[in-house]
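*Asks:* Following the hints, put chain P in place on chain R, whose structure we already have.
Sequence order for the protein chains is R and P.
Reading the first sequence from the start, the letters are residues 23 to 196 in my numbering.
Reading the second sequence from the start, the letters are residues 95 to 330 in my numbering.
Do not rely on the hints blindly, as some may be mistaken.
[Unchecked claim] Which residues of chain P face chain R? A partial, calculated answer using Cβ under 8 angstroms:
no., residue
1, Phe175
2, Arg178
3, Glu182
4, Gly312
5, Ala313
6, Tyr314
7, Pro315
8, Ala317
9, Thr318
10, Gly321
11, Leu322
Please keep in mind that the hints were generated in silico from the structure rather than gathered at the bench.
Fair warning: this is a prediction, and the values are worked out from it, not measured in the lab.
Don't be surprised by glycine CBs; every beta carbon is placed ideally from N, CA and C.
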Amino acid sequence: MILVNSLTASIGSIKIATSMLLNNRVHAAIMIGIAVAFWIAFNVLDQLLFFSPFLDFYLPNDALPTFVLSNVTSVLMGLVVSMNIYILRNLKLKKISASMFSGTSLGMISSACASCTALSFLLVSTFGVAGAVASNLLSNFQIPLRLMSIGLLIWALYSSSRKLTASCMISNPD
Amino acid sequence: MKRSTVYSLGIITAGVVLVGVIVYIFAGGATRNPLGNNNGGLSANQSRISFETLTSDGSPAQGDPSAPITLVEFGDFQCEFCARFAKETEPRIYQNYIKTGKVNMIFKHLVHYGSDSDLAASASQCANDQDKFWDYYHILYTDQDSFMLSHDTSSALKNLASKIDGLDLQKFDSCVDGGAYKDIAKKDTKLADALGFRDTPTFLIVKSDGSSPQTLVGAYPFATFKGLLDKEIGDV
Chain R
23 MILVNSLTAS
33 IGSIKIATSM
43 LLNNRVHAAI
53 MIGIAVAFWI
63 AFNVLDQLLF
73 FSPFLDFYLP
83 NDALPTFVLS
93 NVTSVLMGLV
103 VSMNIYILRN
113 LKLKKISASM
123 FSGTSLGMIS
133 SACASCTALS
143 FLLVSTFGVA
153 GAVASNLLSN
163 FQIPLRLMSI
173 GLLIWALYSS
183 SRKLTASCMI
193 SNPD
Chain P
95 MKRSTVYSLG
105 IITAGVVLVG
115 VIVYIFAGGA
125 TRNPLGNNNG
135 GLSANQSRIS
145 FETLTSDGSP
155 AQGDPSAPIT
165 LVEFGDFQCE
175 FCARFAKETE
185 PRIYQNYIKT
195 GKVNMIFKHL
205 VHYGSDSDLA
215 ASASQCANDQ
225 DKFWDYYHIL
235 YTDQDSFMLS
245 HDTSSALKNL
255 ASKIDGLDLQ
265 KFDSCVDGGA
275 YKDIAKKDTK
285 LADALGFRDT
295 PTFLIVKSDG
305 SSPQTLVGAY
315 PFATFKGLLD
325 KEIGDV
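Only chain R is shown next, with the shape it has when bound in the complex (with noise of 0.2 angstroms):
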């Protein structure tokens, strides 16, 4: 019962920041940027989107888990990194915490990740012998590593949303 409660908390508090961010066009175009940044890095890397010789784009059936996962990705990044700007620029922090920072850059770490496995392609071409090596143990663990960087992202996601609406709660004079 605590557990569902805390759930339905956090998940209440990601939904108000999250409305917070989108009535607020700056933000809402810096979220919609950053994500369709990091939709088109992932799909550039994941070889699902070319730009010459013509501009292409196609999912074969392999490449279904991994695009469904970097969409997720993408908009989590959007949500995360354009949440932690609102924060710095709207609310008066005496002092940026250390949670917020760890929140945020967990949240780039998580994606460069994410990104990494996709990166086995220059790994092999720079490193050689152990860059293919390392291209072999990304691509194996391509699904739980993506996973692992989604879970980053949400766990970014609501220590910045809690942040920014903790700072609309008002305190009881009791």
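*Replies:* This is chain P only, laid out in the frame that chain R set:
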């Protein structure tokens, strides 16, 4: 300027730069001309790598050798994007261009994934001895994990060969065990290096006279190949 504004601008700039770099690396280098300029065939410093070197050294081929266009694939049997090409795009190229005599396709080994790739390359050449390379090509790419994750790669490769109809397994096994093609991967990879190819899969689309070579790096969709091949066939 406030610290928060600087921070915001920094994040946005970093994002834009990141995407720009990625797009530049992949999109900018996607099509190249490794054998010379588009109009005149081989350039002086690359003339030692002729069209004949690419097409007449016993590399596995399918289609009409006198087809107006030759498509050369440089691949590794352990590369996942090569597998995607083999499963998604190659069958459509075969149906529309190879079977109809418009394109001749050649496979060359470009191995970076270690000794298992060398072994797979060598085994595929043994299948080629019995004109079964392309059957084996599809089996290896469809069932990549079975030899990549195996502790006994040689046995795994032999097991996969047993799925090919009409293959003389005894002959195949002795070819693999005898190491008849143990240097083929190195030889092909050396050629790829000389052409400046580092990534797999890399494709070379070239006219039968060796002119107008174009390179595609990556597992491009059929639509891209169709666009390039139709243009090249139209120009012949």
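*Asks:* Hint by hint, note whether the structure agrees.
*Replies:* Results of checking the hints against the structure:
1. The beta carbon of P:Phe175 comes within 6 angstroms of a beta carbon in chain R, closer than 8 angstroms, and the hint placing it at the interface holds.
2. With 8 angstroms as the threshold, the beta carbon of P:Arg178 comes within range of chain R, its nearest partner Cβ sitting at about 6 angstroms, so the hint holds.
3. For P:Glu182, the shortest C-beta to C-beta distance to chain R is roughly 5 angstroms, which falls under 8 angstroms, so the interface hint holds.
4. Interface hint status for P:Gly312: upheld, as the beta-carbon distance to the closest one in chain R is roughly 5 angstroms, under 8 angstroms.
5. Interface hint status for P:Ala313: upheld, as the beta-carbon distance to the closest one in chain R is roughly 5 angstroms, under 8 angstroms.
6. For P:Tyr314, the shortest C-beta to C-beta distance to chain R is roughly 6 angstroms, which falls under 8 angstroms, so the interface hint holds.
7. Residue-level restraint check for P:Pro315 holds (minimum Cβ-Cβ distance to chain R is 4 angstroms; threshold 8 angstroms).
8. This hint holds: P:Ala317 has a C-beta 6 angstroms from the nearest C-beta of chain R, less than the 8 angstroms allowed.
9. Look at P:Thr318: its Cβ gets to within about 5 angstroms of chain R, closer than 8 angstroms, so that hint holds up.
10. At about 5 angstroms, the closest approach between the beta carbon of P:Gly321 and any beta carbon in chain R falls short of 8 angstroms, and the interface hint on this residue holds.
11. Nearest Cβ of chain R to the Cβ of P:Leu322: about 7 angstroms, under the 8 angstroms cut. The hint holds.
Every hint, counting from the list given before, is met by this structure.
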